[in-house]
Amino acid sequence: MTDAQELSSLAQTAVGRSWAPYRTARIDTRQVHLERVRPLARSVHRSRLASAGEILSGLRAEGVPPFVCHFRATQDGVFVRFPPVLEQHDDRFLIVDGMHRLMAAAGSGEDEVTAIVVSSPSLPPPTVPPCEWGDVAVVDAKPPRAEKFPGYVAELFRPTAKVLDGLCGPYESDRRAVESLRRAVSAVG
Numbered sequence: 000m001t002d003a004q005e006l007s008s009l010a011q012t013a014v015g016r017s018w019a020p021y022r023t024a025r026i027d028t029r030q031v032h033l034e035r036v037r038p039l040a041r042s043v044h045r046s047r048l049a050s051a052g053e054i055l056s057g058l059r060a061e062g063v064p065p066f067v068c069h070f071r072a073t074q075d076g077v078f079v080r081f082p083p084v085l086e087q088h089d090d091r092f093l094i095v096d097g098m099h100r101l102m103a104a105a106g107s108g109e110d111e112v113t114a115i116v117v118s119s120p121s122l123p124p125p126t127v128p129p130c131e132w133g134d135v136a137v138v139d140a141k142p143p144r145a146e147k148f149p150g151y152v153a154e155l156f157r158p159t160a161k162v163l164d165g166l167c168g169p170y171e172s173d174r175r176a177v178e179s180l181r182r183a184v185s186a187v188g
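Here the sequence shown stands for residues 0 to 188, where the numbers follow numbering that gives the first Met the number 0.
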């Protein structure tokens, strides 16, 4: 198994342990057509959207597929970038984590992305109704949660972003990242 494959497997495990209803769900990494992806958030932050677009452009220029697990070396250490997380409900995929990256991809003409997909007939639907890409506002200031997610219910919030953000790094090297991620994922949940 390559480091990238192991990272993908570790990310799937972390997502599966991040929220009780996910523990019995099917979780895999696969290609998803953006036309079937629906946002839950009604807004994105302008600077984060611009940053996501720059990262995607840079990865493409380097020949790195932008939505697969990979290492990113910086002056501060090695970081891990995970794919977006989507939840499948019928024929739609709802964004759980990765809204800025996915909106940047949609805006740059991407048709398909690699994502961690959670699916199970027993998943409770989000209380926030999905919207269309054109309904998402680009804002300069963070709006109140009730404005960004109408109908928000804390108990049904999917905490995957918090879990994955905690696994991103920095690490001393690719190898140390994998070793640290193994330990961290075994401690999640």
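By construction, these hints were calculated from the structure, which means they are not laboratory data.
Where hints are given, some of them may not hold.
To be verified - Derived CB-CB ranges, DEER-like:
#	residue 1	residue 2	range
1	G76	E131	34 to 44 Å
2	P120	S56	32 to 42 Å
3	S121	S50	28 to 38 Å
4	A153	G62	25 to 35 Å
5	S121	T73	19 to 29 Å
6	E111	R71	19 to 29 Å
7	L155	T73	15 to 25 Å
Here the structure is a predicted model, which is why all the values come from computation and not from measurement.
Just so you know, even glycine gets a beta-carbon here, dropped at the ideal spot from N, CA and C.
Consistency of the hints with the structure:
{"no.": "1", "hint": "G76 / E131: 34 to 44 Å", "result": "holds, 39 Å"}
{"no.": "2", "hint": "P120 / S56: 32 to 42 Å", "result": "holds, 38 Å"}
{"no.": "3", "hint": "S121 / S50: 28 to 38 Å", "result": "holds, 36 Å"}
{"no.": "4", "hint": "A153 / G62: 25 to 35 Å", "result": "violated, 42 Å"}
{"no.": "5", "hint": "S121 / T73: 19 to 29 Å", "result": "violated, 40 Å"}
{"no.": "6", "hint": "E111 / R71: 19 to 29 Å", "result": "holds, 22 Å"}
{"no.": "7", "hint": "L155 / T73: 15 to 25 Å", "result": "violated, 35 Å"}
When each numbered hint is compared with the structure, violations occur for hints 4, 5, 7.
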